[in-house]
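Let the hints inform the model, and build the full structure from the sequences given.
Okay, here's what each chain looks like letter by letter:
Number of protein chains: 2
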Amino acid sequence: MMDTTPRKEQIFQTAGAMFSRQGYHATTMRDIARELNMQGGSLYAHIDSKEDVLWEIVERAAAQFLESVRPLAGLPLPASARLRRMLAAHVDVVTRNLDNATVFFHEWRFLGPARRAHIAAQRDEYEALFRRVIQDGVAAGEFPGADARMGALLVLSAGNWLYQWFRPDGALSAAAVAAQMADVIIAGLRCVE
Amino acid sequence: MMDTTPRKEQIFQTAGAMFSRQGYHATTMRDIARELNMQGGSLYAHIDSKEDVLWEIVERAAAQFLESVRPLAGLPLPASARLRRMLAAHVDVVTRNLDNATVFFHEWRFLGPARRAHIAAQRDEYEALFRRVIQDGVAAGEFPGADARMGALLVLSAGNWLYQWFRPDGALSAAAVAAQMADVIIAGLRCVE
Chain A
5 MMDTTPRKEQ IFQTAGAMFS RQGYHATTMR DIARELNMQG GSLYAHIDSK EDVLWEIVER
65 AAAQFLESVR PLAGLPLPAS ARLRRMLAAH VDVVTRNLDN ATVFFHEWRF LGPARRAHIA
125 AQRDEYEALF RRVIQDGVAA GEFPGADARM GALLVLSAGN WLYQWFRPDG ALSAAAVAAQ
185 MADVIIAGLR CVE
Chain B
5 MMDTTPRKEQ IFQTAGAMFS RQGYHATTMR DIARELNMQG GSLYAHIDSK EDVLWEIVER
65 AAAQFLESVR PLAGLPLPAS ARLRRMLAAH VDVVTRNLDN ATVFFHEWRF LGPARRAHIA
125 AQRDEYEALF RRVIQDGVAA GEFPGADARM GALLVLSAGN WLYQWFRPDG ALSAAAVAAQ
185 MADVIIAGLR CVE
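First to last, the sequence lines map onto chains A and B. Using the working numbering, the letters of the first sequence correspond one by one to residues 5 to 197. Using the working numbering, the letters of the second sequence correspond one by one to residues 5 to 197.
Quick caveat, the hints were computed from the structure, so don't treat them as lab data. Please note that a few of the clues may not be correct.
In silico lysine to aspartate or glutamate, DMTMM-like type, Cα no more than 25 Å apart, as pairs [stated by the list, open to error]: (1) B:Lys54 - A:Glu111; (2) A:Lys54 - B:Glu71; (3) A:Lys12 - A:Glu71; (4) A:Lys54 - B:Glu13; (5) B:Lys12 - B:Glu39; (6) B:Lys12 - B:Glu111; (7) A:Lys54 - A:Asp103; (8) A:Lys12 - A:Glu111; (9) B:Lys54 - B:Glu13; (10) B:Lys54 - B:Asp35; (11) B:Lys12 - B:Glu71; (12) B:Lys54 - A:Asp35.
Right under this line is the structure:
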């Protein structure tokens, strides 16, 4: 019996890198097959359509974000400590696979309507985790003058924009970047009036 | 004598919207011509290549950012007041034409090497304006514990990521968003240790 899992993973990895580099619409199934030294037809033994590949990449990324951050949001810690860990986890997901993060941020809008709605709902749930923790901080007096919506936007803008400039071989590790970002944003949430 | 300027502007506008919506690589000159009800060939009476259109859009955006922000960086005001105005100007450029901002952020990397290097140099110059103002704030004791590089990254991450979520018909105006962002980031730069 042939195990097709590794081949399928190769397809997702190669497609993720190609979608990231040149965009979903500019990448054909034939391009992906060629990159993998496969016949175009044999690609379809593993996957049904190019949109299914996009869906797999985007859905996995959304799940990674939620599964990494959700448990941290409910820890019995002050809001600032939870927020710091949540941002670190977010940055870790983005930087662990920059290609897939790029596809998640740029290309998810090319999914069909039902799948796009599913991802939009997951993004809403994810943003709400950050808003709620900041709201907890407001209620507890840690962030007395903060606006939870703007605070969550700042955290996620900083964490997301990383995919554009972060280089794994750069001077700062992902963890160091996340810690420095958290320092400034948490100071801002504490001190803003 | 026929004035071709308005036609050329239409081409840039239409191409900007199409590059933003579906990506540079997935948009052909034929697509742009069809959208404008032109013959593919007559498009070439106005422009030489698709890359020239991308270049025009990206180069204009880079110039808009620099021309809007550079004069503010040197104003005889405290660093926090300059930074607030610079972020407002940045947000104004992004939100005034979201399609062109999207093309500027996503598609500039598809320019040829010389043009890409030119834009990269302009981006470096632009980021340096923000770093220097924050550095002024550090020197003046306004931002005693701040790191200029991380501060500039936060300002630009927040200002850039707007192109993903800002809706002109949303609850907050671009100016209100910029002001709220500035409140938190400047508080963070003041209070961070």
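Hint-by-hint comparison with the structure:
1. B:Lys54 - A:Glu111: 22 Å, holds
2. A:Lys54 - B:Glu71: Roughly 42 Å separates the two Cα atoms, so the pair is violated.
3. A:Lys12 - A:Glu71: 23 Å, holds
4. A:Lys54 - B:Glu13: Violated, because 35 Å separates the two Cα atoms, which is more than 25 Å.
5. B:Lys12 - B:Glu39: Satisfied, since the Cα-Cα distance of roughly 14 Å is no more than 25 Å.
6. B:Lys12 - B:Glu111: 20 Å, holds
7. A:Lys54 - A:Asp103: Given that 25 Å is the threshold and the Cα spacing comes to 17 Å, the pair holds.
8. A:Lys12 - A:Glu111: Measuring from Cα to Cα gives roughly 20 Å; hence the hint holds.
9. B:Lys54 - B:Glu13: 14 Å, holds
10. B:Lys54 - B:Asp35: At roughly 11 Å apart (the allowed maximum being 25 Å), B:Asp35 and B:Lys54 satisfy the hint.
11. B:Lys12 - B:Glu71: 23 Å, holds
12. B:Lys54 - A:Asp35: 22 Å, holds
In summary, the numbered hints that this structure violates are 2 and 4.
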